[in-house]
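Trainee: For reference, the chains in residue letters:
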Amino acid sequence: MGTYLVRRAFHSFISLAGLLVLVFFLARLTGDPTNLYLPLDATLEARAEFTEKHGFNDPIYVQFGRYLVQLSQGDLGDSLMKARPSIDVVLEAFWVTLSLAAVVVPIALIGSVVVGALAAYRPGGAFDRIGTIAALLGASAPDFWVAITGIILFSLTLGWLPTSGYEGNIVYWIMPVTVLLIRPFGLLVQVARGSMLSVFSSAFVKTARAKGVKERSVIFVHALRNAMLPVITVAGDQAAGILNGAVIVETIFGWPGVGKLMIDSIFNRDFAVLQTSILVTAIAIFTVNIAIDVAYAFLDPRIRHN
Amino acid sequence: MKWTRALLGLPIAASAFALMVSGGAEAAGKIVTVVLSEEPDVIDPCEATRSNVGRIVKQNITETLTFIDPKTAKISPKLAIGWKQMNDLTWRISLRKGVKFHDGADFNAASAKKAIERTLNPKSDCEIRLKMFGNVKMSVKVVDDYTIDISTEKTQPILPTMLGTMTITGPNMQPLKGDRQPVGTGPYKFIKWVPGQEVLTARFDGYWGAQPEAVGARYIFRKESAVRAAMVKAGEADIAPNIALQDATDKKMDFGYFNSETTRLRIDTSRAPLDDIRVRKAMNYAIDRSALIGSIFSEDVVNMTNIVVPSIPGHNPALKVWPYDPAMAKKLLAEAKAAGVKVDTEIVMLGRLGIYPNATEAMEAMHAMLSEVGFNVKLKMVEVSQWVDIFTKPFAEDRGPVLQQGQHDNNNGDPVFSVFFKYACDGPQSTTCDKQVDDGIAKASATAAGPARSKAWQDVFARIHELAVDVQMFHMIGYSRVNPRLNFTPSISTNSEVHIAEVKFN
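Quick note, the sequences are listed as chains A and B, same order.
For reference, each letter of the first sequence is one residue, going 1 to 306 in this note's numbering.
For reference, each letter of the second sequence is one residue, going 1 to 506 in this note's numbering.
Don't read these hints as lab results, they were simulated from the structure.
It should be emphasised that the depicted structure is a prediction, and the values quoted were computed from it without experimental measurement.
It is possible that some hints are incorrect.
Under the rule of at most 27 Å between Cα atoms (straight-line distance), these lysine-lysine pairs were calculated in the BS3-like manner [as the list claims (entries may be wrong)]:
| # | chain 1 | residue 1 | chain 2 | residue 2 |
| --- | --- | --- | --- | --- |
| 1 | B | LYS393 | B | LYS380 |
| 2 | A | LYS53 | B | LYS137 |
| 3 | B | LYS393 | A | LYS53 |
| 4 | B | LYS114 | A | LYS53 |
| 5 | B | LYS123 | A | LYS53 |
Where chain B lies over chain A, by a calculated footprint (3+ residues, C-beta under 8 Å) [said to hold, decoys possible]:
| # | region |
| --- | --- |
| 6 | 87-96 |
| 7 | 101-114 |
| 8 | 149-163 |
In silico negatives: residues of chain B with every beta carbon more than 10 Å from chain A [said to hold, decoys possible]:
| # | residue |
| --- | --- |
| 9 | GLY29 |
| 10 | LYS71 |
| 11 | THR152 |
| 12 | TYR207 |
| 13 | ILE220 |
| 14 | GLY256 |
| 15 | SER270 |
| 16 | ILE293 |
| 17 | ASP325 |
| 18 | PRO326 |
| 19 | TYR356 |
| 20 | GLN386 |
| 21 | ALA448 |
| 22 | LEU467 |
We put the beta carbon where it would ideally sit given N, CA and C, even for glycine.
Between the sequences and the hints, there should be enough to build the whole structure, so can you do that?
Mentor: Okay, here's the thing in structure tokens:
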């Protein structure tokens, strides 16, 4: 297992390096930040000075060389717009997104597995039908619409929840978490249901029932463990999506997360922040992927032995 | 029962903040929460011409030497109590006595000189320098403790107006842009900035002027207009400047006002067929402006004939709005064609996504109107960076004819901040060149503030109008939502400043 993890980490490092090179060059293709940073009325001389000072007029390979030297010294560069080290800016935002993901993903995973399993237990039953319809609605509901409707209903009409904000009080978390939860939850319920249906028709489940094992054990011990692999795969994908930035939720509810930061850095051509955001989120996503691989191994002895 | 209301939003934030300002819980109700669309990247007063910085610092934390009344464009004393032109190149400025910075430093000639030099430092890229003083070389000399002389290389007859944009920062701020703790002389002192969340200010007990009613301000940031409007309605915020037309639905809370923005399509007169005045006039006749008002644009917008709003001295009220006359447009096009002008050439209409509400729809509508009279136009919407590349010099030599969507903001008290940049042969964003316009700009720029200067600018605007170098559109309307607990009326200045000291409580 240890060797496997080292090999996975090495592969991830190679991918990360490739990603950074790609991002560096693609970002520069979007243009020079001078026009965005300086006011429209800035003189041509001022523009030329600015470009010169920040090295934007150097050949791109010179800029890349400079970036590599900085990187080798552990310097990820300063934000052009915010005049602060980009790593400080990114980590501030990343923890916000991570905290959202840390709440949303476990709720989505546990909740969807329970609902999916119960729905699959009696296919076509009332619970299955209601669950399936609700899951489909959840998986297809646009975040933006749900968020604005939630604000109108729960903040303006009922007055139960604040419209937005990122503060310690739990009430500020309810709407953002719910909006972010709906889609992965709906998707995972469908995956869990389908997977459980497949497992329920397996010989080992029939054998367990024939041996008189209690239904609860059949569902949640024998069947569920085998049905979890696709659920975890999709859950990992959803977690990566959230870590990559829950842009809509962050924008509407005023959560200063990394998704919004990345979008802003692209529009502002704030290259250092963009590169550092992608570096940090990519490391997080690689870590999630490795964790999923480990989870596979724990759930399925065949993978462990291979 | 709305049981959670007591636990959240304004009460919680305000109570916690109230502990930091004088008066404790009693003061909580007198903290003004302003929800802005965008968080500043840096809160440095030398960036105060950026609206997201200006709304926090200008006349709240830092003050200017002179004050430009945005409604009348008149100049009045602020930290400067008097000014006199000593000769063509030098102005003598008398400074207010008894003024302290928030950190206890004295405001005097030395600190004023230091603040001006900080803003104008070429190493800093301060927006005030780049936007307002880009072509101005000036030096400051201390005459005595409360008098300075400002000398310029060229005559600056409206220097006192220009000083209305110059924020005076404390002498102990770091010398270059990027200080994250602004210090000024204003009625509110900076308390703290939690990036991504809020900026807090509190009333400055040592303020030289009258003590304002609000004990502090809290600035929070929400990008979505609908959310900002909802926050005021829910009582979580007090002022939401700049909400979208479709969110300004409550007549009791929403205020509309000229926001000093003026929209147009810039015509590149250097490229055929746009170099022909008949073609340019035909474009103006082809636009049905009344059909755009109340549908795509607010019903309160006003047709523009000058690039500056009517409150700016020099605005020419005699100029006539181009009437909608498609028959005349077709006739002019036919005349141009008969004279050998290639009127069938494809003209690109270049729009900028989100430059103002419904910007894309506006371009689509005008595209249809221009096509209707026979223009071969192609619509292209781009994001801001691509748009700026094409909008500013140096222009690409191989460019074709372009109509470029634009919006310009000037509430700085004089057309000089607009006209040279947009219409002079050497203007950084000018796609036109006319000797009479250039001469007029030179004459107006050199004339002292007053009726003669206004007349000189009016002549320039008349010539620009005559040349039809723009497809003229509208002076725009901004909307702000204000919580009814406040007695505060947003105005043209709310586009770039929110004066917390003007807020009263009902």
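Trainee: Give me the numbers of the hints this structure contradicts, sorted from smallest to largest.
Mentor: Those not satisfied are hints 7, 13, 20.
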